[in-house]
Amino acid sequence: MTPSAVLVQLLNGLASASSLFFVAAGLSLIFGVTRIINFAHGSFYMLGLYLAYSLVDRFSAHIGFWPALLLAGPMLGLLGALVEALLLRRVYHAPELLQLLATFALVLVIKDATLWCWGAEDLLGPRAPGLGGAIDLLGRRFPAYDLLLIALGPVLLGLLTLLLRRTRWGTLVRAATQDREMAGALGVNQAWLFTSVFALGTMLAGLGGALQLPREPASLSLDLSSVGDAFVVVVVGGLGSVPGAFLAALLISEVKALCVALGTLHGFGLALPVSKLTLVAEFLVMAVVLVARPWGLMGKAPSSSRHRALEAPLQPSGPGLRASAVVVFLLLASLPWLSAGAPYVTVLAVDLLVAALFAASLHFIMGPAGLHSFGHAAYFGLGAYGAALLVLKAGWPMEAALVAAPLAAALGAMLLGWFAVRLSGVYLAMLTLAFAQIVWGITFQWDGFTGGSNGLTGVWPAAWLADKQVYFLLTLSAAAGGAWGLRRVLFSPFGYAMRAGRDSALRCEAIGINVLRVQWLAFVIAGGVAGIAGGLFAFSKGSISPDVMGVGRSVDALVMVLLGGVQTLSGPLVGAVVFTWLQDTVARSTDYWRALLGGVILLLVLAFPMGMVGFLRDAVWQLRGRPGGGAR
Amino acid sequence: MLRPLHATAVLLALIALPSAQAQVPIKIGEINSYKVQPAFLEPYRKGMDLAVEEINAAGGVNGRKVQLLTRDDNGNPGDAVRAAEELISNERVDVLMGGFLSNIGLALADFAKQKKFFYLASEPLTDKIVWGSGNRYTFRLRPSTYMQTAMLVPEAAKLKKKRWAVVYPNYEYGQSAVNTFRQLLKAAQPEVEFVAEQAPPLGKLDAGSVVQALADAKPDAIFNVLFGADLAKFVREGNTRGLFQGREVVSLLTGEPEYLDPLKDEAPNGWIVTGYPWYGLQTPEHKAFLTAYQGRYKDYPRVGSVVGYTAIKALAAGMIRAKGAETEKLVAAFSGLELMTPFGRASFRVQDHQSTMGAFVGKTRNDNGRGIMVDYRYLDGARFQPSDEDVSRLRPQ
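Protein sequence lines, in the order shown, are assigned to chains A and B. The working numbering numbers the first residue of the first sequence as 232 and each following residue consecutively. The working numbering numbers the first residue of the second sequence as 6 and each following residue consecutively.
Please keep in mind that the hints were generated in silico from the structure rather than gathered at the bench. Wrong hints could be hidden among the right ones.
Stated by the list, open to error - Cross-link-like lysine-lysine pairs, in silico, DSBU-like; alpha carbons within 35 Å at most:
id: 1; chain 1: B; residue 1: K51; chain 2: B; residue 2: K118
id: 2; chain 1: A; residue 1: K624; chain 2: B; residue 2: K120
id: 3; chain 1: B; residue 1: K191; chain 2: A; residue 2: K699
id: 4; chain 1: A; residue 1: K624; chain 2: B; residue 2: K328
id: 5; chain 1: B; residue 1: K303; chain 2: B; residue 2: K334
id: 6; chain 1: A; residue 1: K699; chain 2: B; residue 2: K167
id: 7; chain 1: B; residue 1: K121; chain 2: A; residue 2: K624
id: 8; chain 1: A; residue 1: K699; chain 2: B; residue 2: K121
id: 9; chain 1: A; residue 1: K699; chain 2: B; residue 2: K165
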């Protein structure tokens with residue numbers, strides 16, 4: 232490769248970096264001030280591109296190409312303001328992360344709305360007038376439009392810096408980013424500030440999308456692919472740091488461009504396809520950065536929020552609760568006989584129980600341990616693949632493989648946990664995501680061993696378990712056993728230590744609890760239980776593919792936990808059952824089932840900000856007059 | 006802690022009970038990723054509906070009406086298998102069909118094998134569905150990755166280009182297309198050399214970097230497997246950067262309206278592609294299909310339309326031959342089943358259950374800002390198969 236080739240590849244990287252920065256800057260601002268994990272940011276980016284397509288198509292003859300294109304930005308900003316004022320404002324006082332659930336629902340709704348408005352076909356916009364061609368650069372043709380993009384990134388960075396440093400509004404935003412409560416206490420109108428920041432961030436996402444019009448078609452998969460990249464950039468750069476986001480966008484884009492440029496490296500008789508690293512390049516970068524710099528490139532250790540909602544302590548169950556638990560278990564155990572005429576009930580029930588166990592394992596680490604995991608599917612997937620590979624490659628009996636599944640998952644959790652517990656908050660969450668994506672990438676690429684993107688087939692249960700009703704009973708015992716076991720752990724001395732570590736790490740250390748070790752062990756336990764769920768899943772389906780450990784499954788698990796209520800122990804079980812059942816039912820009832828599912832989740836979020844079980848619990852506490860009801 | 010599971014029990018009890026309908030119609034259970042791949046599957050669904058209407062208007066199959074039940078698998082195999090269970094146990098469908106993504110097609114094929122239930126894989130392209138993971142109960146309609154690649158290789162060899170670059174989406178479809186292409190082209194033209202390989206993640210092509218890396222390798226010709234949004238980005242970037250100037254491009258599936266039409270005025274000239282030139286086919290069987298489709302939908306058909314339509318017609322033909330819809334009878338009837346498709350005659354091969362439905366190979370042309378295929382001919386899928394010995398070695402007996 233010649234030096235000039237490398238140089239031009241670096242320029243390509245710069246153009247991609249600018250595109251990435253537009254989306255990431257908005258996300259970073261929004262997160263910095265509102266602390267919302269905004270999944271819908273990618274949807275606004277996608278909408279920006281679609282809208283720009285239509286605006287240019289309709290109005291460029293009248294008002295010119297550029298005004299039509301740029302109009303998409305303010306329109307998205309308006310939409311963002313509406314979303315913030317009408318929806319998110321209602322859930323700011325819910326427990327942490329619940330806003331995430333609202334934005335997840337928005338993703339579903341926006342996706343279906345876009346499909347309805349613009350149709351399924353990809354829409355490729357026109358080239359930019361005047362910049363449609365290429366210029367000669369080092370003997371190569373380089374798109375003129377990319378030069379514009381390269382310039383726009385630093386321009387945006389400069390404008391945002393001016394805005395944040397030189398205006399009163401910027402001062403308020405910085406104050407709120409640093410200490411939201413203090414800014415509020417000093418009389419800053421938070422509602423207005425949040426709305427304006429959200430609108431600005433959304434406008435930047437919309438502009439970022441619109442600016443892609445001359446480069447790529449508007450398509451329905453842009454939302455999720457762009458939001459993933461944007462999150463990585465924001466976290467690598469350091470949360471809330473706009474210059475950090477710019478640096479991170481540069482770093483990631485250049486790493487990718489170089490991977491592509493290197494192509495396949497030959498040496499020592501081996502061919503190393505470096506270009507295939509682009510599959511997970513951003514996550515590799517993120518993992519390395521976070522391990523080396525726990526707050527990202529330019530982030531600071533967050534000031535511990537002094538009014539983190541302390542949860543009411545967990546209550547051991549009374550006799551009434553225990554009795555009803557036994558009744559429910561017995562009812563479930565008799566389900567195969569109760570539903571003799573409707574065999575699908577047991578089929579679906581297996582899926583519901585697997586989801587419930589998976590959600591319970593995520594909740595264990597997310598709720599009582601306070602370690603948010605965005606990559607929990609990794610352990611589910613390791614369990615599933617571990618079990619499947621032991622049966623297919625090692626020839627183990629299915630029963631033994633199922634028992635070994637949690638070990639595979641726990642090993643993975645042990646490896647990641649060691650790194651993860653050294654971080655906190657969203658950084659920790661994103662490191663778990665990076666780990667999950669790297670495991671996913673290896674599984675996806677390793678054709679000879681894991682079956683690559685096609686996955687593995689022929690993973691069926693042993694003959695005596697082949698009957699769905701017997702398999703259901705196995706799943707029920709494993710799920711009930713797992714959930715009961717997790718609960719026992721929570722009320723053991725270890726569980727108390729874990730909860731104490733969440734509520735005050737300092738005091739814990741002072742009384743001699745090794746918080747890191749406790750949290751590490753919590754990771755291993757949660758991973759192991761997720762592995763049981765993964766093993767059960769593999770044998771119930773007969774085949775698995777890398778999506779069992781994909782982002783989608785991790786997000787589903789988060790949704791289940793939040794839907795049920797993160798501060799209750801049975802919440803995740805209920806959330807998992809309701810979410811999976813809803814998906815199954817809604818998908819059969821209408822073509823636009825994603826929008827309907829999103830709508831239902833939005834309603835649930837607005838009606839039960841503490842989660843469904845959290846709502847029930849608070850209602851019961853209020854009736855009985857127990858103190859501390861609604862631990863907010 | 007389990008108290009809220011009361012609610013669960015109630016919910017479980019509410020799950021659809023088996024419909025106690027009389028089993029008069031023949032029920033076809035169809036599973037697909039409608040929401041994940043709408044660009045292909047909306048026309049596909051229209052094709053299916055048209056076929057069902059035609060069959061029922063003509064009195065049904067063996068005197069019974071045909072009823073189509075579709076399920077969305079949300080793009081993942083786990084949900085697809087659950088939908089299959091639901092269709093079989095709740096709706097009591099007679100056959101299963103569908104699948105778009107390869108991993109879902111393979112999961113359904115393995116499910117069919119385990120349950121000994123008939124499954125027609127209408128769309129998934131992976132070679133494994135009839136070979137490595139092939140089984141008695143699974144048949145596949147569309148020409149496989151291998152077949153479509155093999156159709157392009159003779160054309161590629163005719164170019165007599167020595168230095169080739171390949172670009173493909175990084176998953177099984179792209180990998181196996183490129184492997185087949187390399188293997189067959191080497192056999193046809195031993196001096197050929199592969200000088201660059203780019204495998205961007207599906208749907209996340211960094212077009213600028215990839216196009217430049219390909220150009221820097223100075224290939225004489227390019228084999229492309231990208232499709233969808235990746236293809237549009239690749240073509241626009243390649244046009245701007247002059248990647249295609251003085252270079253031949255051989256490109257899989259690019260002549261299909263699903264992928265060619267969105268390119269609009271970027272549509273390249275002179276690419277050798279597989280595809281479906283619906284605007285130019287004059288055979289009576291295609292004219293009949295085109296007239297019916299346009300009459301019904303006021304839209305032109307895509308490849309998806311043909312696949313959906315033909316899959317239903319194939320099931321009907323099989324059921325007529327089997328004089329019923331029981332799996333074992335259908336399996337027997339489908340082996341060697343002859344049928345008429347909008348593309349012409351085809352049959353399901355006895356040795357691997359692959360249909361011999363073919364594809365059109367031709368060149369692209371930018372016709373006033375719209376991509377079309379020219380100089381095309383129909384290649385019968387029966388001619389683009391490995392030898393029977395190879396097939397029997399690949400396919401578990």
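- Would you list, in rising numerical order, the hints stated earlier that this structure does not obey? Numbers 3, 4, 5, 6 and 9, in rising order.
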